[in-house]
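Colleague: What follows is each chain in one-letter form.
2 protein chains.
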Amino acid sequence: MTTLSITGGRVLLPSGTVTNADVLVDQDSGLILEIGDDLAGDEPLDASGSLVTPGFVNGHCHVAMTLLRGYADDKPLESWLREDIWPAEAELNPGDIRVGTELGLLEMIKSGTTAFADMYFEVPEIAAAVEQAGLRARLGHGVISVAKDDEAAREDARTGLEVAREYDGAADGRISTAFMPHSLTTVDGEYLAEFVPEARELDVPVHYHANETTDEVDPIVDEHGVRPLAYAAEKGMLEPGDFVAHGVHLDESEITALAEAGTSVIHCPASNMKLASGMTPVQRLLEAGVTVGLGTDGAASNNDLSMLDEARDAAMIGKLAADDASAVPASAVVEMMTRGSAEAIGLDSGRLEAGAPADLAVIDVDRPHLTPHHDLVSHLAYAAAAADVRHTVCDGRVLMRDREVKTLDEPSVLERASRTAASLVDRADD
Amino acid sequence: MTTLSITGGRVLLPSGTVTNADVLVDQDSGLILEIGDDLAGDEPLDASGSLVTPGFVNGHCHVAMTLLRGYADDKPLESWLREDIWPAEAELNPGDIRVGTELGLLEMIKSGTTAFADMYFEVPEIAAAVEQAGLRARLGHGVISVAKDDEAAREDARTGLEVAREYDGAADGRISTAFMPHSLTTVDGEYLAEFVPEARELDVPVHYHANETTDEVDPIVDEHGVRPLAYAAEKGMLEPGDFVAHGVHLDESEITALAEAGTSVIHCPASNMKLASGMTPVQRLLEAGVTVGLGTDGAASNNDLSMLDEARDAAMIGKLAADDASAVPASAVVEMMTRGSAEAIGLDSGRLEAGAPADLAVIDVDRPHLTPHHDLVSHLAYAAAAADVRHTVCDGRVLMRDREVKTLDEPSVLERASRTAASLVDRADD
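Note that the protein sequences, when read in sequence, are chains H and S.
Numbered according to UniProt numbering, the first sequence spans residues 1 to 430.
Numbered according to UniProt numbering, the second sequence spans residues 1 to 430.
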């Protein structure tokens with residue numbers, strides 16, 4: 001057995017309390033062996049002056065969209081997608097998606113994220129990048145039928161099923177999958193009715209965008225006479241383990257349905273604000289017993305992949321949405337970005353205790369903007385930033401040590417991503 | 001003449017465009033001499049791979065409140081102030097305020113802020129810290145009359161006038177002052193009527209909190225029968241050069257009055273969200289021609305002093321407030337955190353051109369979360385973070401080079417601030 005010891009720091013426990021302790025990890029199994037005093041492992045990792053937290057879990061993103069960071073801002077969802085994003089994405093080839101994913105994974109590792117759920121295209125490229133980078137991920141192919149003929153729509157859905165089958169358990173089990181119809185309006189009901197049952201046979205969850213904007217809710221109510229999540233339930237897409245992204249415009253019946261079904265919500269506050277989609281009723285969801293995770297969405301509507309930014313945004317907008325400053329407190333957002341997201345996307349991580357996966361981040365808290373130390377959980381929610389992350393560990397392996405990423409070549413990724421993004425925009429503008 | 005040259009970077013011009021250029025500074029006058037090609041000065045500062053921006057201007061804060069960062073979160077303004085903040089502040093002595101201010105100035109320099117407006121107590125200590133740190137500031141004593149007898153209230157107002165007189169022009173002109181009644185509800189009308197005219201004789205602006213919450217608006221309407229800013233105008237507090245903090249709950253008559261008076265608004269989005277105060281109608285203010293700046297407010301309601309966070313927050317909440325994703329675009333928030341704030345608090349900085357004060361920040365944009373470079377103004381608004389700031393220059397002097405602050409001893413400030421904050425909380429809890 002080879003062991004890793006993270007020593008000299010303060011550790012954020014599942015109870016929400018912070019204690020002085022070391023963490024001992026079995027690198028063979030990738031699990032935490034013990035949290036306690038004076039633990040020495042084969043590979044030491046210094047955590048003095050630092051807070052050891054569960055690795056952050058990004059519950060909803062489109063990682064390769066890093067290539068479009070800053071390409072189109074300050075537009076509402078529909079026109080942003082149709083006029084800017086989809087035309088550019090139509091030019092993406094598999095190699096582009098590989099380098100865009102690498103750029104996003106580099107950013108994730110540097111901001112303490114150890115796991116994520118991704119909906120995009122060319123999943124084999126994404127899986128290869130994840131395998132190399134060392135993160136944990138739930139991957140899926142974003143299935144869309146609008147603007148496609150029947151044959152193309154079916155082929156797209158079959159791709160979604162195939163990647164869900166092929167990559168579940170890949171990368172020594174670090175990769176799992178889901179069936180990911182893009183949304184309830186971008187995939188016609190006939191395809192949902194046909195292919196969702198096939199996904200159930202693969203025993204993978206279903207993940208989709210739901211109730212993001214009123215422009216997406218109203219057509220469903222008009223066409224089907226029910227709220228979107230009732231429509232989703234009719235299509236078999238509101239089952240235990242399923243998770244929806246956004247959930248901004250939910251009525252009480254839908255909140256109750258989510259809680260009863262055991263379907264989780266990934267809250268994406270930055271994207272919801274930037275696209276003026278609205279304010280998710282997060283406090284209400286938590287009170288109803290819905291599992292809520294946090295996600296960055298794609299970098300084109302955020303514009304970064306830092307979960308620390310997302311946590312701060314979630315606390316901020318959660319209070320405004322509830323008209324109550326005590327709503328969505330620091331402890332809740334820290335829970336959401338760790339165990340909440342992990343549970344939502346079906347991972348066992350997000351907690352630091354013996355037997356849990358050794359997915360963690362070590363955050364330097366001896367910094368001006370994190371001084372004094374009245375409350376380190378408050379600092380995680382409101383003041384810590386991506387650059388405060390010193391080390392990132394996933395599955396017992398050190399992915400970043402002292403801000404140096406070990407699994408990806410940072411200068412090479414930046415150079416290739418810059419070149420690829422410039423070429424992509426040239427092609428899209430032609 | 002001694003000169004400083006900032007070379008090899010891209011420069012954000014007042015037009016909002018970004019160009020490859022060097023910046024040459026006369027360190028004796030503290031002014032920019034030239035922006036152009038191949039400029040060599042006596043002291044070189046490398047800006048390769050970086051964006052040179054105007055230094056950020058924090059239009060409203062209470063710097064020494066860094067000592068209370070994370071001390072009390074997730075509470076609404078009134079109970080947060082009365083139950084937590086004011087009792088702790090009652091224990092502050094001048095030495096505490098000095099070290100709390102040093103901590104805040106350290107954080108500001110490290111996040112590219114070169115100027116700020118501060119409302120607090122023990123202004124001589126604050127001025128001494130500003131003189132040492134090298135920043136530019138407009139300082140004032142926060143005058144409060146509630147819970148004071150007449151003698152104490154008058155003494156407090158006189159302190160406000162005295163510091164406005166004594167420190168205007170201090171630190172070789174880097175410090176200017178304002179008369180700063182805390183708010184329209186925490187200073188009784190009789191004192192406003194008596195002392196605001198005295199401030200006018202000193203030729204300093206008036207700065208106060210206004211229309212921050214409905215709890216603050218309603219009593220004024222009830223008692224005086226007019227909206228808060230109409231009441232402020234009656235007291236002579238809505239003049240050209242005056243600036244109010246917050247302005248969350250403004251009606252159309254007040255927006256028009258601000259525009260006509262030439263009184264500016266400092267928007268504090270993070271504080272307004274965290275305290276669930278509401279959403280400032282920023283887009284409406286901009287359309288009405290009101291000068292809008294950005295401020296962090298105190299670190300206890302934010303919880304950091306990074307203007308880059310504030311810019312992102314302003315764009316995000318500005319869109320929600322307007323229900324329009326095109327509202328408060330990236331260019332607008334970058335303008336607000338530079339020239340907008342500078343104009344609002346009466347400084348000539350916030351722009352990079354020959355003849356302007358050499359107040360600037362150099363931001364490393366060769367980072368994963370700032371790649372690719374479709375639009376660097378977008379990155380400033382949405383993706384750049386405090387730790388991306390490499391160098392900070394104010395009045396032609398390098399305050400931070402390669403993340404090392406030259407004017408304050410970082411380890412010493414952190415150690416003293418930690419000790420002071422712990423002692424303060426012990427005393428407040430007794």
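To be clear, the hints were calculated from the coordinates, so they are not data collected in a lab.
Take the hints with a grain of salt, since some may be wrong.
As the list claims (entries may be wrong) - Covered by chain S, per the in silico footprint, the following chain H stretches (three or more residues, Cβ under 8 Å):
id, segment
1, 7-20
2, 41-55
3, 200-206
4, 218-224
5, 275-287
6, 379-393
7, 403-414
None of the values given here were measured: they were computed from a predicted structure.
Every residue gets a Cβ at the ideal spot worked out from N, C-alpha and C, and that includes glycine.
Colleague: Decide, hint by hint, whether the structure agrees.
Modeller: To see whether the hints hold, each was checked on the structure:
{"no.": "1", "hint": "7-20", "in the structure": "violated (count 0)"}
{"no.": "2", "hint": "41-55", "in the structure": "violated (count 0)"}
{"no.": "3", "hint": "200-206", "in the structure": "violated (count 0)"}
{"no.": "4", "hint": "218-224", "in the structure": "violated (count 0)"}
{"no.": "5", "hint": "275-287", "in the structure": "holds (count 4)"}
{"no.": "6", "hint": "379-393", "in the structure": "holds (count 8)"}
{"no.": "7", "hint": "403-414", "in the structure": "holds (count 3)"}
Checked against the numbered hints listed earlier, the structure breaks hints 1, 2, 3, 4; every other hint is satisfied.
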